[in-house]
Amino acid sequence: MDNNELLAGTDPAFTVNGALRQFGPGPANTTALEWLRSNGLTGAKEGCAEGECGACAILTAQPDRHGGTAWTAVNSCLIPMASLDGQELFTAEGLGTPAAPHPVQEAMAAAGGSQCGYCTPGFVCSMAAEYYRPERGTLEQAPADDGGRPQPWSGPNGFDLHALSGNLCRCTGYRPIRDAAYSLGSPAPGKPEGDPLAARRGSQAPPLRSTLLERGDGVFVRAATLGQAAVLLAANPGAVLVAGSTDWGVEVNLRARRAPLAIAIDRVPELDAIEVRANEIEIGAAVPLSEIERVLGDRVPLLRQLIPQFASRLIRNRATLGGNLGTASPIGDGPPALLALETRLTLASAAGERTLPLADFFTGYRTTVRQADELVKSVLIPLPLAGLTAFHKVAKRRFDDISSVAAAFALTLDGGIVTRARIGLGGVAATPLRARATENSLAGRPWTRETAEAAAAVLATEGTPMDDHRASARYRSAMLANALLKLHADSTSEQEARP
Amino acid sequence: MSSLSQRPQAPVVGRAVPHESAVLHATGQALYTDDIAQRTANTLTAWPVQSPHAHARVRSIDTGAALAVPGVVQVLTAADVPGSNDAGIKGDEPLFPSEAMFRGHAVAWVLGEDVSAARAGASAVAVDWEPLPSIISLGEAVAAGSFQGVARTVRRGDAGAGLAAAHLVVAGITECSGQEHFYLETQAALAVVDEGGQLFVHSSTQHPSEAQEILAQVLGLASHDITVQSLRMGGGFGGKEMQSHAYAAVAALGTLLTGRPVRVRLNRTLDMTMTGKRHGFLMDWEAGFAEDGRLLALRAQLTSDGGWCLDMSEAVMARALCHVDNAYYIPHIELRGRVALTHKTSQTAFRGFGGPQGMLLVEDVMGRSAPLLRLAPEELRQRNFYRDGHSTPYGMPVRDAGRITDIWEQLLDRSGFAERRRAVDAFNSAHQNRKRGLAITPVKFGISFNLIAFNQAGALVHVYKDGSVLINHGGTEMGQGLHTKMLQVAATALGLPLASVRLAPTRTDKVPNTSATAASSGSDLNGGAVKDACGQILARLAPVAGAVLGVPAADVRFAGGMVTGLGVAGGGVPFAEIVRQAYLQRVQLWAAGHYRTEGLHWNPETMQGEPFKYFACGAAAAEVEVDGFTGSYKQLRTDIIHDAGDSLSPLVDIGQIEGGYVQGVGWLTLEDLRWDGGDGPNRGLLLTQSASTYKLPSFSEMPEVFNVHLLEHAAEEGAVYGSKAVGEPPLMLAFAAREALRDAVAAFGPAGRSTMLACPATPEAVFWAVRDASAAAAAPKPPEPDSGRPQPAAVRP
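Chains as they are written, first to last, in this note's numbering: chain A, 149 to 647; chain B, 4 to 800.
Check before you lean on any hint, since a few could be wrong.
As the list claims (entries may be wrong) - Sample of chain B residues at the chain A side, in silico, Cβ under 7 Å:
hint	residue
1	Val26
2	Glu188
3	Leu713
4	Glu715
Unchecked claim - So these bits of chain A aren't anywhere near chain B, every CB distance computed over 10 Å:
hint	residue
5	Gly166
6	Gly172
7	Gly191
8	Ala192
9	Glu194
10	His214
11	His250
12	Gln253
13	Glu254
14	Val272
15	Ser334
16	Pro354
17	Asp508
18	Asp616
19	Ser620
20	Ser639
Stated by the list, open to error - Simulated DEER-style distance windows between Cβ atoms:
hint	chain 1	residue 1	chain 2	residue 2	range
21	A	His214	B	Ser432	21 to 31 Å
22	B	Asp558	A	Ala248	26 to 36 Å
23	A	Arg357	B	Pro508	52 to 62 Å
24	B	Asn516	A	Arg357	37 to 47 Å
25	A	Gly445	B	Asp512	32 to 42 Å
Just so you know, the hints here were simulated from the structure itself, not pulled from any lab data.
Ideal Cβ placement from N, Cα and C applies to all residues, glycine included.
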């Protein structure tokens, strides 16, 4: 490895609410929220410390992949502050002041969007990110009211309510927050007296710096290249790889774990690319899910169905497929869909790379074939895609909940006959798994109600579901069977559209 | 109209103004207890040593290894308590217990230089445990006869005779689980001590005066040695009415012993595993109906899960027993209530305070019985409403009984109920796998503390020489908008614009001996006290102004910041000018106000009396859609009409109604507390102890269409400026959502079938109910009930 390059790291520094700040003293594992709060910026709050409530949300300046900057809301409780070295952040305090509130803050206050106010700074940051989204649209472009039921998740100003799906409020019941969001106009960019965050979107996001922070509790290093990360990992098999930190941050907060060596791999170029080729799509392991949704949402229907159900926007702005596969949780939402897509994945180490089917990756509860010196480099989705796909997630809450059961389907139909079926399951065994018996029972059969019922009976027996606080085993089995029946009903318009 | 309820011309009350701290909230400037701790130098952090057993004796505690952890300053144990080792008011809540009564119970606290040190120290404390047998579920408690406190009965008429005479008797068991408050701000306290040994404690509490008393008890001090401030809470919902005191006591003890500021802030895991929740209830009942649907008799045994200590469980049960009737006249009734002792967190106050559980019983009776009576549920409910002249089972006349029917009819009309009923039926005929449900339910909720002494409040109002006004009152702000309303009350009472009045933080050295801000009563009580203080000041200013204006004092009017005399031409004299004159004449420009609610009486032995000043009423109509494949559902539309009297602050009140409704929907449908009741090593563990496993409503649970209206022309004689309390009652509007789910589930089954629905009605619970309904539709006779779920009604035609 190139020691000189690493040693070039300096005391981390950040632009916080427009002012340059040094990291200063403090452990290497300090989260962004801890750093902000101990440095006088107590607007961001800790509500849950695991990325569920969004009270800690802040804005970060991220590259928008068109040479500009996207203000991106993230959970500051999960992110190591050191990973933001060289970055620009805004908290609610920086967006506006009581004397000169930001338009989002003004709207929230006027609409009755705050009661106890504890969640409000986080809501404001999530809302501001959506306010600044260039593709959002404007009130003027809104289609005329058709007099029907309102579109529940999109405002007349183009505001996507999913932007707030990672923020919890216990007081308001959300209606006034929604109304505040839907009342927002457009930011005024460019003008000197105008909105600096709006203007900032037009220029490049801050580049990442090579960071080396050594403190008593551990060392934080940012890898500049895949090669560098692999060499570091080979030399330190106990190191923690940190990309979005949406899983690791929970370990730090709730289980008081500390990384003796954390290697940041977010935005490492080799891990941060999406490439669409003739026969496959390659998604870098460290691409945030929100980015995958933007780039591939129209291209891969199964991902378009999956990603909005995958945690919340705040999490998706950081979380990656590499992390979702690497932690190998049996209830991760990514694996069932990727299994149905017959994804292969590439593992990289200092010694080289290897590619294997995802179905061969998981070996047991949270274990995989990945060696200690390997990291997930990318996933490869073969093309062409199956014609009939669906992602069915069963959970207690409709948005931002963990699956009781997840089932992903990719069926190829030819003249009404199922020529190929691939089904990925989560939540019914120690690992995500392919429902191979069900796949076989579908193959070669006509796509009829009878076939679906016969296959559903097989699907109900796949895996070894458990009773836990999320669901009973028998509900999980019933949901497997019904997922296939629902797929059939949906695909044949048996289930009429809502009038 | 009473002088208390009478409004002047163009009052500031009644205006829709944002929360007084809204801009501070939105800009991140509003401070909460732990934000103040972050700004306090040299502060130590406390972390608990928690029991890994549901029930265990502490043989010994070895702190040696903990004290060796770098950054650990001290370990607090029972030996350090200078006063009484009890953080409750009933003598059953040891602060440092020698017997852990639930898994997660703190038996010692470690003070460290920062969270990491304190936490590492806590895990290094060696406790020698002697595990003891434990009781986790309500069923286990009943079987073992494990109860606490005094059992109570509300009785009227002869329930047995009523049941015997009934045309239809329906019997059942209704069970509900508790609810985690999940205030976004967890429990927090910060204590500092000054050079004179005076303690100043910031506590995120709804009851600063009780915190002060308990701190004095623990520390062996007098109340005047301790000041407690509650600047604002990031949500309370009842969870900081008593549960906050132990953490304030730990911080105060730590600061007394070390001389340094000490902060306690539970993280979410600690908060969920240590603090009390809404009580789960198990309710056995028999209901007898006349042929026309009138509910003649109800007999029920209510058992609540009190957890490990008494806390407020008896009062919660009393309120539950007083709310089983909800809006319905039940001539023959016998309701027995008892509190179980289990090895779980000490269940406590939570918005509604037993009212929701009591009402759940009768709404479950109505929802399950309507099909057996061949009546639409809304028809059955309406036929049983209280009418003028009726009184409650506990002997209180139902004044304004007609208001229930008025609200109901207005809501049927405004929600287009009849037309939507037809649309829902049409939808259900056209859809095999999805069904919609529509339901309307009423709320009648009694306002006042059942503990009569709590129905008083104080306020301190200062008028400064420049005419600006600073008010202080005994109520605390947890997001409910109390401070906003108090500013509006003061501005109205003094005839000033809102901007002339400012509010100072709630603290015990300003207004002493305050009641908890609870029971929805904050505005009624403190508003009365603020108005009283303002009235005293105006009474002193009026002669001064009269002399200036040349009119008798009785002819002086204060409005809009100006002081005028009847019959005197011109705009009058600015308030500040009159104030300046009064100062020069050595007139006292501040006043302490007091208010007590008149007309209350209650006998807790017989459970008879008039415990409530009035009833707050409302109704909700909800429409849902259920997916038969999964049991998942959507809240399509909710319409509400709620009686907030003549609202003091409509934006605040509508916020309380919407928020209460959604919180109630959370309790009834989504929020799922699961304790490990098995015999393994995790017995007594709260399995849903985080935001990732305990799900609160998010945007996806907000009704897609949500129309809330305040009842018009609703002035309440007995409350400040004709308003009514609004904090708790709207939570119980959420029964409409549960009954709508029941309606949708029923649509999967045959007509005339009684539909049971577990509580919370999670997607899984709804799925099994749908499966039962579908099976009944397919089969000629009803299927065998599944074990482990509520048994079907025993029907005796």
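**Q.** Beyond 10 Å from each Cβ of chain B, as asserted for His214 (chain A)
**A.** holds (29 Å)
Q: Take a look at whether the Cβ-Cβ distance between Gly445 (chain A) and Asp512 (chain B) falls inside 32 to 42 Å.
A: violated (59 Å)
(Q) If we take the beta carbon of Asp616 (chain A), is the closest beta carbon in chain B still more than 10 Å away? (A) violated (7 Å)
Q) Does the claim that Gly172 (chain A) lies off the interface hold, with its Cβ farther than 10 Å from every Cβ of chain B? A) It holds; Gly172 (chain A) is separated from chain B by about 14 Å at its closest Cβ, greater than 10 Å.
Q) Are Glu715 (chain B) and chain A close enough, Cβ to Cβ, to be under 7 Å, as the hint says? A) violated (20 Å)
Q: Just double-check Glu194 (chain A) for me: nearest Cβ-Cβ distance to chain B has to come out over 10 Å.
A: violated (7 Å)
Q: For Arg357 (chain A) and Pro508 (chain B), compare the CB-CB distance with the range 52 to 62 Å and indicate the outcome.
A: violated (44 Å)
Q | Reported absence of Ser334 (chain A) from the contact zone with chain B (all CB gaps over 10 Å) | A | holds (19 Å)
Q. Should the hint that Asn516 (chain B) and Arg357 (chain A) are 37 to 47 Å apart at their CB atoms be regarded as holding?
A. At 59 Å between Cβs, range violated.
Q) Is the nearest Cβ of chain B still more than 10 Å from the Cβ of Ser620 (chain A)? A) Answer for Ser620 (chain A): violated, closest chain B Cβ roughly 7 Å.
Q. Closest CB-CB distance from Pro354 (chain A) to chain B, is it above 10 Å?
A. Pro354 (chain A) clear of chain B: closest Cβ-Cβ about 23 Å, beyond 10 Å.
**Q.** Whether Ser639 (chain A) stays farther than 10 Å from all C-beta atoms of chain B, as the label says
**A.** holds (13 Å)
Going through the hint list in order, the structure does not satisfy hints 3, 4, 7, 8, 9, 11, 12, 13, 14, 18, 19, 21, 22, 23, 24 and 25.
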